[in-house]
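> Spelled out from the first residue to the last, the chains are:
2 protein chains.
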Amino acid sequence: MTEALTTGATIGILGGGQLGRMLSVAASRLGFKTHVFEPGANPPAGHVSDQVTTAAYDDAEALERFAQAVDVITYEFENIPTEALDLLEAHKPIRPGREALRVSQDRLTEKTFLQGLGLKTAPFADITDLDSLTAAIAEIGTPAILKTRRFGYDGKGQSRLKSPEDAETALADMAGAPAILEGFVDFSHEVSVIAARSPSGEVACFDPGENVHRDGILHTTTVPARLSAAQRMDAVLLAANILNALDYVGVMGVELFVTSQGLIVNEIAPRVHNSGHWTQNGCAVDQFEQHIRAVAGWALGDGQRHSDVVMENLIGDDVNRIPELAKDRDTAIHLYGKAETKAGRKMGHVNRIQRQG
Amino acid sequence: MTEALTTGATIGILGGGQLGRMLSVAASRLGFKTHVFEPGANPPAGHVSDQVTTAAYDDAEALERFAQAVDVITYEFENIPTEALDLLEAHKPIRPGREALRVSQDRLTEKTFLQGLGLKTAPFADITDLDSLTAAIAEIGTPAILKTRRFGYDGKGQSRLKSPEDAETALADMAGAPAILEGFVDFSHEVSVIAARSPSGEVACFDPGENVHRDGILHTTTVPARLSAAQRMDAVLLAANILNALDYVGVMGVELFVTSQGLIVNEIAPRVHNSGHWTQNGCAVDQFEQHIRAVAGWALGDGQRHSDVVMENLIGDDVNRIPELAKDRDTAIHLYGKAETKAGRKMGHVNRIQRQG
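In the order they appear, the protein sequences are chains A and B. Here the first sequence stands for residues 1 to 357, numbered as in the UniProt record's numbering. Here the second sequence stands for residues 1 to 357, numbered as in the UniProt record's numbering.
Chain A with its partners taken away, still in its complex shape (with noise of 0.2 Å):
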């Protein structure tokens, strides 16, 4: 696929949750059709795609005729096994790229890729057995954070320590997954650059967004953030560096922490992003049709915002506050349609267009 796609072209999306969900209505601005792939029933991308399919990851005849009935094929979590990957690709081109996921897969080989390109992240080191993580702790510190490897999101997988002598404890929680100790990092606050990159080698960046955390959950992204204009341009330059480094095409969350000696890459995420869902009321091509747009093979947007914003996550309970969201003239919502509220879910958001004058 060197082509730009056209009208009536099929985007194939793995993943049927809130993000596949809002890439398949902006790939509808342009034309396009989806089909999405997706192990659990009822996804709330299903009730905007053409086609759904339902089926494991591991369905090799079902991971094929999805394949063969869409043009090209992104995904809205990292998470996908290899085997599915190699069975996809085969048939259609994967967008972002097989690189991407490897690197972003597995937190060692990402922090280790990150510091290869001269970025800052925090201290850390691979973590096999509770020899390797008291050498780890002796040489980082506490308090630490040990990560398992794979498949962490929204603070799952992680276990805290205080002392060196929580080490058995988080080991434990590990579970016997390959895990990472990571070192704590002194910041006075986390931005987030959503970076974009097309097929051509074009780049273009959002606005860095401001994130507060509640919970290990993000709840606020509030655009701009406090940031110098020389801290500015070095978290787009940075993200810049990652996405040509991998000679990526799509849209990446890179989240930073901001500290007194620079800003440090805290993860990469390469896929639409949480803390890019204020782009959707702010800036005349939001984050997800940016994504389609770069998979596709079509120019970017150049990410300019038209309106400061406020995005607020709604999580579990959250959602019962929409009537009341709904009368403030300024709010924009974005529900999910999950079919139960269950305490820790992301449920929704608002975006709040902050007026000028």
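Check each hint, because a few of them may be wrong.
Claimed, not checked - One-sided and incomplete, this derived list gives chain A residues near chain B with beta-carbon spacing under 7 Å:
id	residue
1	7
2	33
3	212
4	214
5	217
6	257
7	284
8	302
9	305
10	306
11	307
12	335
No lab work stands behind these hints: they were computed from the structure. In this text, all values refer to a predicted model and were calculated from it rather than measured experimentally. Here a beta-carbon is modelled for each residue, glycine too, at the ideal position from N, C-alpha and C.
Fit chain B to the known structure of chain A by using the hints.
Frame of chain A; chain B shown alone:
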């Protein structure tokens, strides 16, 4: 249905064209599913809806199944056969209601209704034969325009009379359909008000847009329109007057001629309207979401805009300009996913955000 609809509810949409498509996307933002009823194959709205029923409007069984599968019924066009409406309404509420459809399905009824509210319209007369046409021409004069009372849109079912000699040809163009003769109005420009009313009687209007037509089809809508503060107020009050008189629920498009004698109502459309597409990139809550909010019994957006916008329709081959348009940073693209490009067919539109300063 007096309670507001909540996440998981299904909104039935009659008509699967671009308006249904954009209504479906808006419904998804509020957590709703949509079910589209459309006689034609591969409807644009079907790409982004949860369910599609492909059936004719005289298929009683399909209509019943559709009605039973949804929580409320709305529509993207006003020319739905009365028998279908009767059948559907026996099962589920139809919003906007039947009175709005009855009035707007017939140009004669509509103009009589508007005059009954004390609003100005073009001079008009009921035409049943050559005698009544000759008499009407004598009263109204030429130039004038003969239109079928029902089922006209985008200039179809219309015939211009430059002089009284055109009477017979014009009447033949009506092919025996009941018709109305309308006198020409000397107007400086056309504007439209996109107004909304909730079940509780709350009314909200978007800022009037200024419309330019080409070959009888809307070409551009520019917001703000050229109107004095007094005209702007008149336009909004007049629209509210119409919605209240119909006990209306949903969004209505009200087309107005601006003349030296004040505002003259051209026509009303009991649905989202092409001249309201600019709201997608100018407002926190666009016309499609506003309509869904009204139909679902939610609070309405206030209609204020955060940006000035120029909307341009992409008709037929205009769609070939998309690669160039995609390069403009302030242009938001909205394509309808129609399989075939035809002359005169609305393929999409673009909203150009007018950046400040």
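> Please verify that hint: residue 7 (chain A), Cβ, nearest Cβ of chain B, below 7 Å or not.
Result: holds, 6 Å to nearest chain B Cβ.
> Quick check on residue 214 (chain A) please, does its C-beta sit within 7 Å of some C-beta on chain B?
Interface hint status for residue 214 (chain A): violated (22 Å vs cutoff 7 Å).
> Going by Cβ atoms only, is residue 217 (chain A) closer than 7 Å to chain B?
Since chain B brings no Cβ nearer than about 19 Å to residue 217 (chain A), farther than 7 Å, the hint is violated.
> Given residue 302 (chain A) was flagged as interface, is its beta-carbon under 7 Å from a beta-carbon of chain B?
Where the cut-off is 7 Å and the nearest Cβ of chain B is about 4 Å from residue 302 (chain A), the hint holds.
> May I ask you to test the interface hint for residue 306 (chain A) with respect to chain B, counting a Cβ-Cβ separation under 7 Å as satisfied?
5 Å, holds
> Would the stated hint for residue 257 (chain A) survive a check requiring a Cβ distance to chain B of less than 7 Å?
Hint on residue 257 (chain A): violated, closest Cβ of chain B at ~30 Å, above 7 Å.
> Take the shortest C-beta to C-beta distance between residue 212 (chain A) and chain B; is it under 7 Å?
Check failed: Cβ of residue 212 (chain A) comes no nearer than 22 Å to chain B, outside 7 Å.
> Against chain B, run the beta carbon of residue 307 (chain A) and see if the smallest gap drops under 7 Å.
5 Å, holds
> Do the numbers back the hint for residue 284 (chain A), that is, is its least Cβ distance to chain B under 7 Å?
5 Å, holds
> Given residue 305 (chain A) as an interface hint, is its Cβ closer than 7 Å to any Cβ of chain B?
Violated, about 10 Å.
> Mind checking the CB of residue 335 (chain A) against every CB in chain B and telling me if the closest is under 7 Å?
Nearest chain B Cβ about 3 Å off; hint holds.
> At a threshold of 7 Å, is the proposed contact between residue 33 (chain A) and chain B supported by beta-carbon distances?
5 Å, holds
Going down the numbered hints, you'll see the structure goes against 3, 4, 5, 6 and 9, while the others check out.
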